[in-house]
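Chains as they are written, first to last, in the working numbering: chain A, 4 to 237; chain B, 17 to 211; chain C, 94 to 476.
Below 20 Å or equal to it, Euclidean Cα-Cα: the simulated SDA-like pairs (lysine to any residue) are:
{"id": "1", "chain 1": "C", "residue 1": "Lys295", "chain 2": "C", "residue 2": "Gly225"}
{"id": "2", "chain 1": "B", "residue 1": "Lys25", "chain 2": "B", "residue 2": "Lys60"}
{"id": "3", "chain 1": "B", "residue 1": "Lys185", "chain 2": "A", "residue 2": "Val203"}
{"id": "4", "chain 1": "A", "residue 1": "Lys213", "chain 2": "C", "residue 2": "Ala161"}
{"id": "5", "chain 1": "B", "residue 1": "Lys60", "chain 2": "C", "residue 2": "Ser310"}
{"id": "6", "chain 1": "B", "residue 1": "Lys80", "chain 2": "A", "residue 2": "Glu230"}
{"id": "7", "chain 1": "C", "residue 1": "Lys240", "chain 2": "C", "residue 2": "Ala273"}
{"id": "8", "chain 1": "B", "residue 1": "Lys60", "chain 2": "C", "residue 2": "Leu313"}
{"id": "9", "chain 1": "B", "residue 1": "Lys185", "chain 2": "A", "residue 2": "Gln209"}
{"id": "10", "chain 1": "B", "residue 1": "Lys60", "chain 2": "B", "residue 2": "Ser26"}
{"id": "11", "chain 1": "C", "residue 1": "Lys373", "chain 2": "C", "residue 2": "Glu290"}
{"id": "12", "chain 1": "B", "residue 1": "Lys185", "chain 2": "A", "residue 2": "Gln205"}
Over the 12 Å line for every Cβ pair with chain C, so calculated as not near, a few chain A residues:
{"id": "13", "residue": "Arg16"}
{"id": "14", "residue": "Gly19"}
{"id": "15", "residue": "Val43"}
{"id": "16", "residue": "Pro140"}
{"id": "17", "residue": "Tyr157"}
{"id": "18", "residue": "Arg178"}
In silico contact screen, one side only, chain A against chain C (beta carbon under 8 Å); selected entries:
{"id": "19", "residue": "Phe48"}
{"id": "20", "residue": "Leu102"}
{"id": "21", "residue": "Pro124"}
{"id": "22", "residue": "Arg151"}
{"id": "23", "residue": "Pro229"}
If you are wondering where the hints come from, they were derived from the structure by calculation, not from laboratory data. All C-beta atoms, glycine included, are put in the ideal place defined by N, C-alpha and C.
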Amino acid sequence: MNLTKNISSVCDRLKGELMKEGVFLTTLTQLYNWGRRSSVWPLQFGLACCAIEMIAAACARFDIARFGSELFRASPRQADLMIISGTVTKKMAPAVVRLYNQMPEPKYLITMGACAIAGGPFIDGYNVLRGIDRYLPVDVHLPGCPPRPEALLYGLMELQKKIDSQTIEGAEWYRKGLKREFPVPELGPYGLVPKYNPEVWQPRAQDSRKQKYGLPILTGKKDKAPELETAPAA
Amino acid sequence: MPLLAEEVKSRIETAEPGIAMKVFRNSILLEKPEDLLRAAAFLKSAPDFRMDYLASVTAVDYLKYLESVYHLYSIEKKTGPVVLRVRVPRKDPRIPSLVGLYRGAELQERENYDLFGIVYEGHPDLRRLFLWETFEGHPLRKDYVQEDSEVLEAADIEWLDRHGISSPKEVRQHALELRKQGKRAVAEKDGKEGA
Amino acid sequence: MHRTSVRDRNEIDTQTLEINFGPQHPSTHGVFRMHVVLDGETIVSLKPVFGYLHRNHEQIAENITYLASMPYTDRLDYLNAMTNNFGYALAVEKLASIEVPERAQYLRVIMAELTRLVNHMALIGFLLNDLGAFFTPVLYAFREREKILDLFEEISGSRMMCNYFRFGGVKRDVSDGQLAEIQKLVEAFPRFLDEFEALLAKNEILCMRCQNVGVLSPALAVNASLTGPVLRASGVSYDLRKVDRYSLYDRFDFRIPLGAKGDTYDRYYVRVLEMHESVKILRQALRGLPAGDTMNKKMLPFLKAPRNFKPPVGDAYGRIESPKGELGYYVVSDGSPQPWRYHVRAPSLINVTVLEDLCVGHKIADAIIILGSIDIVLGEVDR
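Start from the sequences, fold in the hints, and give me the full structure.
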């Protein structure tokens with residue numbers, strides 16, 4: 004079946020005028036997105052500190068219910084949005100990727116806090132993944148350590164903007180042959196195998212952190228151990 | 017109320033002869049690791065010590081040897097701490113486990129086994145606590161070398177190929193070169209001080 | 094006690110079932126994982142699996158300066174940043190023999206007790222959440238928590254990760270207006286507690302679910318190095334605020350609430366009573382707060398240049414009564430700006446030791462509330 008592309012449009016001013024007269028005009032895409040945007044159900048999935056702020060956002064004061072996202076689902080099968088709230092460790096990363104794979108389309112992902120974005124303060128740890136974007140595509144990055152609940156609400160509003168910009172014709176989850184299932188990394192002898200998924204993320208050519216601050220890992224650089232026996236008593 | 021290590025030492029010597037000990041920084045160093053069980057059992061049962069609470073078990077890497085530090089307190093008498101130290105060589109470190117006396121040592125000894133590689137003999141369930149079983153090395157030892165998480169290695173490339181994921185040419189070549197030279201991609205270290 | 098063994102009634106042959114709880118599960122309080130073997134709904138064995146939030150706090154601390162570890166301690170037990178700071182400050186002050194001015198000591202006690210209120214409230218909220226009272230108690234608890242967090246934000250600059258303590262004092266002084274705010278909050282708090290208690294303490298469902306579930310004997314509690322409210326719920330009187338009398342706790346008049354049976358209900362109720370005692374301490378501390386410095390003058394230059402702070406060679410173990418139990422820091426210095434070894438004795442981790450003993454023989458639904466009543470925070474369990 005061949006469909007002609009829907010290019011007809013009514014200008015916003017006319018729409019406004021009509022609305023005053025009680026005529027409500029909309030497009031299918033708008034209606035579709037309005038429904039999706041107003042009921043983004045997050046996965047009930049707390050990783051670390053940011054999860055507490057996520058709970059605070061769900062409580063009375065910040066009240067995420069105003070945005071239609073109060074329904075935290077414990078099962079990934081019923082969730083639209085995954086909020087990675089906290090440090091993703093290497094041991095946890097396979098579980099996170101698997102959970103994302105289990106979510107039905109259309110699905111979105113918010114990284115909440117510095118740790119989920121790039122490892123945050125814990126970036127130098129041997130068991131800390133430097134950002135979940137190495138394995139999964141991220142829709143909204145939300146910096147902060149931890150971000151305030153207001154920031155989470157702002158992130159949600161940004162996500163709603165993104166949802167509004169999508170169209171039924173252009174929606175990637177209806178496209179054929181699109182890879183939306185991401186391979187789950189394995190636990191290797193020193194960390195994860197692979198270290199990142201090159202189709203999703205690749206390291207920057209210039210590591211500005213190295214240039215600015217030098218290499219912060221010092222373990223093994225000290226070659227003289229303290230001798231407590233001979234030290235003067237406190 | 018702190019206890020004086022010298023006093024504790026002399027009490028252990030009279031009750032359990034043959035334990036070689038040294039006192040410094042108000043703590044007792046047991047020269048032979050196998051004496052640990054005897055000393056701890058005495059401190060736990062002796063009526064004027066009653067060290068029934070093992071607060072903390074931890075390990076330190078002193079480059080020449082590994083040291084396990086025990087902090088004992090008494091809940092009954094509200095005294096403490098008695099600090100016991102045990103030193104073992106870095107190669108094949110073995111210390112008798114205190115789990116039989118104090119259940120509280122269970123997870124802490126597993127933690128030290130995981131991060132320092134100290135084997136606590138007699139522990140009922142000595143597995144890695146935080147890291148997974150296939151992990152190699154003990155990361156809190158001072159000579160642990162961390163992987164460089166920006167550079168792919170040959171194992172990663174093989175995995176990607178198996179899963180049908182393409183990888184850039186240069187990355188692929190670099191990984192193969194590393195394998196040829198028999199090297200791992202490790203995080204570099206320099207002498208500069210951290211922030 | 095209705096702890097019947099499954100093995101005794103073998104009229105019906107049943108197969109055991111192995112299930113995996115977590116790491117993503119709504120009632121494991123984070124990324125905790127349990128490997129459970131069930132016979133019907135009765136737990137036969139339960140093995141916790143750790144490490145899903147192992148953030149290498151200890152390794153990182155050995156690579157940075159002493160002061161730079163302070164914000165990391167906030168993230169250990171992310172519900173009680175202030176008490177984590179307290180323990181670490183105490184350990185380093187012991188290591189380097191630093192005096193703390195009196196006003197700073199008072200402020201430390203005030204912050205620590207406010208944190209205790211925050212923690213216990215959140216715990217009660219989550220515990221009831223696990224019981225099936227979905228989210229309503231959390232709403233109440235977080236309403237009060239927000240008031241305290243607002244104060245923390247005003248005083249320290251951050252809601253959750255306060256980073257307020259410094260070696261030899263506290264970061265910033267508290268103004269009279271802020272003190273009045275704290276006073277107001279402390280005066281209003283008992284009313285909230287009474288309201289909460291009227292709703293819960295005699296609630297039939299709560300009593301039936303919690304009483305006689307997960308009974309912990311005092312002998313096992315001591316042997317397994319349990320500390321904090323979990324230990325005291327079993328009737329063992331051991332509170333570091335009374336035993337060590339660190340900081341200024343010997344100046345305040347307060348009691349240590351003890352449980353009678355050591356079941357889940359006692360663990361819940363001891364915390365309610367502890368909040369009343371905290372309010373008492375807060376009142377006394379606010380009344381007695383002297384004027385003066387909030388930082389040791391000798392330590393002021395190290396705030397700007399933390400790399401110059403080099404404690405003498407040696408080791409120190411500092412411990413405090415955090416809301417979860419004994420929080421200890423073992424620090425070894427080699428005379429350089431970075432510690433040679435830095436270890437955290439985490440109460441959450443060690444309190445989990447007895448989880449299997451408490452759960453075996455109970456139903457699967459009880460395991461969740463027993464875990465909830467032990468009160469773990471994964472940031473501290475795994476570090």
